[in-house]
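Number of protein chains: 2
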Amino acid sequence: MRPLILISNDDGYTAKGINFLIEALRPHADIFVMAPDGPRSGGSCAITSASPLRYRKIREEEGLSIYACTGTPADCIKVALNECLTRKPDLVLGGINHGDNSAVNAHYSGTMGVCYEGAMAGFPSIAFSLDNHSSEADFTPLRPYLVDITLKVLKEGLPAFSCLNVNFPNTSEFKGVKVCRMGKSRWVKETHKCFHPTTNQPYLWLVGYRENLEPEATDTDIWALDNGYVAVTPVTLDVTDYKLLGSFSF
Amino acid sequence: MRPLILISNDDGYTAKGINFLIEALRPHADIFVMAPDGPRSGGSCAITSASPLRYRKIREEEGLSIYACTGTPADCIKVALNECLTRKPDLVLGGINHGDNSAVNAHYSGTMGVCYEGAMAGFPSIAFSLDNHSSEADFTPLRPYLVDITLKVLKEGLPAFSCLNVNFPNTSEFKGVKVCRMGKSRWVKETHKCFHPTTNQPYLWLVGYRENLEPEATDTDIWALDNGYVAVTPVTLDVTDYKLLGSFSF
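Protein chains in written order, with this note's numbering: chain P, 1046 to 1295; chain U, 1046 to 1295.
Be a bit skeptical, because a hint or two may be false.
The list makes no distinction among identical chains, and a pair is therefore deemed to hold if it is satisfied within one copy or across any two copies.
In the DSSO-like style, the derived pairs of lysine-lysine whose C-alpha atoms are separated by at most 30 Å in a straight line are [stated by the list, open to error]:
| # | residue 1 | residue 2 |
| --- | --- | --- |
| 1 | K1133 | K1234 |
| 2 | K1238 | K1102 |
| 3 | K1223 | K1288 |
| 4 | K1200 | K1234 |
| 5 | K1200 | K1223 |
| 6 | K1200 | K1061 |
| 7 | K1133 | K1288 |
| 8 | K1223 | K1197 |
| 9 | K1133 | K1238 |
| 10 | K1288 | K1200 |
| 11 | K1229 | K1288 |
| 12 | K1229 | K1197 |
| 13 | K1220 | K1288 |
| 14 | K1133 | K1229 |
| 15 | K1102 | K1234 |
| 16 | K1197 | K1220 |
| 17 | K1061 | K1102 |
| 18 | K1197 | K1133 |
| 19 | K1061 | K1197 |
| 20 | K1133 | K1102 |
The set of hints was computed from the structure by calculation and includes no laboratory data.
One chain only, chain P, in its complex shape (with noise of 0.2 Å):
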């Protein structure tokens, strides 16, 4: 039987990185798709605890199924998981995004929420993100790179409780891959106000730019994908601080 790769976003169904996605890997796998009915940027690990959630069919046909949910992207895989899928699935894979998803980013991540999700159900799990916001990226580089990932994920599968975080540098020829950490930085000036053009009430947007704490280090997907490789990071479901663990009493 051929294998089943469950795929979700965070922006939407219609966005381009996923469809590119789905192309992609339609040779080497039969692929159900449950992602969000519209943008869910920054959505992370959120799920929708207050509201009922629908779903619905948008297009089916020999080994492709895409549905559209009114839910976060980890809802997405919950409800493919518990209402739709009558096999179990080979892997779970979110993105393509549209942005970079490396160091803090992931925490934010409505891609890495899949991932996660994926991964807190048992199965191996990647996200996957190109460091482009625009709705018109070129994908196209970043093929080879997605189904060999894919491929030696689905052979050779990855340990529970842990996944992949796989970001892509903005451009059209890659060095190659870097196995890296998930560098420490931090987001600032986070905040723009902005004033009602008739109230004149204040409203914010969120902003800013990312700080590497690290500028040094040349271990970190922030280094790999400045210096023009696929950063592929390890990332695990486990967040004790297992050093602090062994130091912190009271």
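With chain P held as given, fit chain U onto it using these hints.
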């Protein structure tokens, strides 16, 4: 100068839990609250990128300011730090949440989103949660523990990129504090289907229960809560899977 504590939550500024926390800590610090204007349970570390944010003053008196914000728990911390506070907080607190945020729940928790956001901004941060979802939950037994843990962290700080996830069992008397790791668990049977009374269209609620994947382990937050202890789990912002980093190659 008295220490300054920034507080938010995911149940909204009117919730009993956050107001209990405020009153418990007022004798010890100046308090600034920026909390969601309604429930944001399951908000994780989500941020609002596609719509503007607003906030308004609810209450201001000597040593206490309370503001309500239209955004997520993480948004609240960004807005407070970037728009409101004239000095840096000494501590960022999330909670007290109405509901358990131990184990896998931490990934979905908006209370943990507050805590992550505080830690990402560089401040010692703690999430407090009680394993009782009732809006009328009794928080009284938590008071001495809340105060002791808060004063300890105010005095000693926490390492950069680390924070604490503190969960209280639903009991009137605690056996003590366990510093423990995050238990491995997952949610199962996560959707419940209903039908609209007139259109008969289906919709889903997220439901389910949490399965402990390590029922024999005695060093987890799950064990601590099940056995009447306050569970203090050190959490890291660095989600790199270092074990897999050492063995994964591409």
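Consistency of the hints with the structure:
no. : hint            : result
1   : K1133 <-> K1234 : between (44 Å within a copy, 14 Å between copies)
2   : K1238 <-> K1102 : between (40 Å within a copy, 17 Å between copies)
3   : K1223 <-> K1288 : both (26 Å within a copy, 16 Å between copies)
4   : K1200 <-> K1234 : between (44 Å within a copy, 28 Å between copies)
5   : K1200 <-> K1223 : within (20 Å within a copy, 41 Å between copies)
6   : K1200 <-> K1061 : within (27 Å within a copy, 51 Å between copies)
7   : K1133 <-> K1288 : between (36 Å within a copy, 27 Å between copies)
8   : K1223 <-> K1197 : within (15 Å within a copy, 41 Å between copies)
9   : K1133 <-> K1238 : between (47 Å within a copy, 20 Å between copies)
10  : K1288 <-> K1200 : between (33 Å within a copy, 20 Å between copies)
11  : K1229 <-> K1288 : both (17 Å within a copy, 18 Å between copies)
12  : K1229 <-> K1197 : both (28 Å within a copy, 26 Å between copies)
13  : K1220 <-> K1288 : between (34 Å within a copy, 25 Å between copies)
14  : K1133 <-> K1229 : between (36 Å within a copy, 21 Å between copies)
15  : K1102 <-> K1234 : between (41 Å within a copy, 22 Å between copies)
16  : K1197 <-> K1220 : within (19 Å within a copy, 48 Å between copies)
17  : K1061 <-> K1102 : within (19 Å within a copy, 42 Å between copies)
18  : K1197 <-> K1133 : within (19 Å within a copy, 47 Å between copies)
19  : K1061 <-> K1197 : within (24 Å within a copy, 50 Å between copies)
20  : K1133 <-> K1102 : within (19 Å within a copy, 50 Å between copies)
The earlier numbered hints are all upheld by this structure, with none contradicted.
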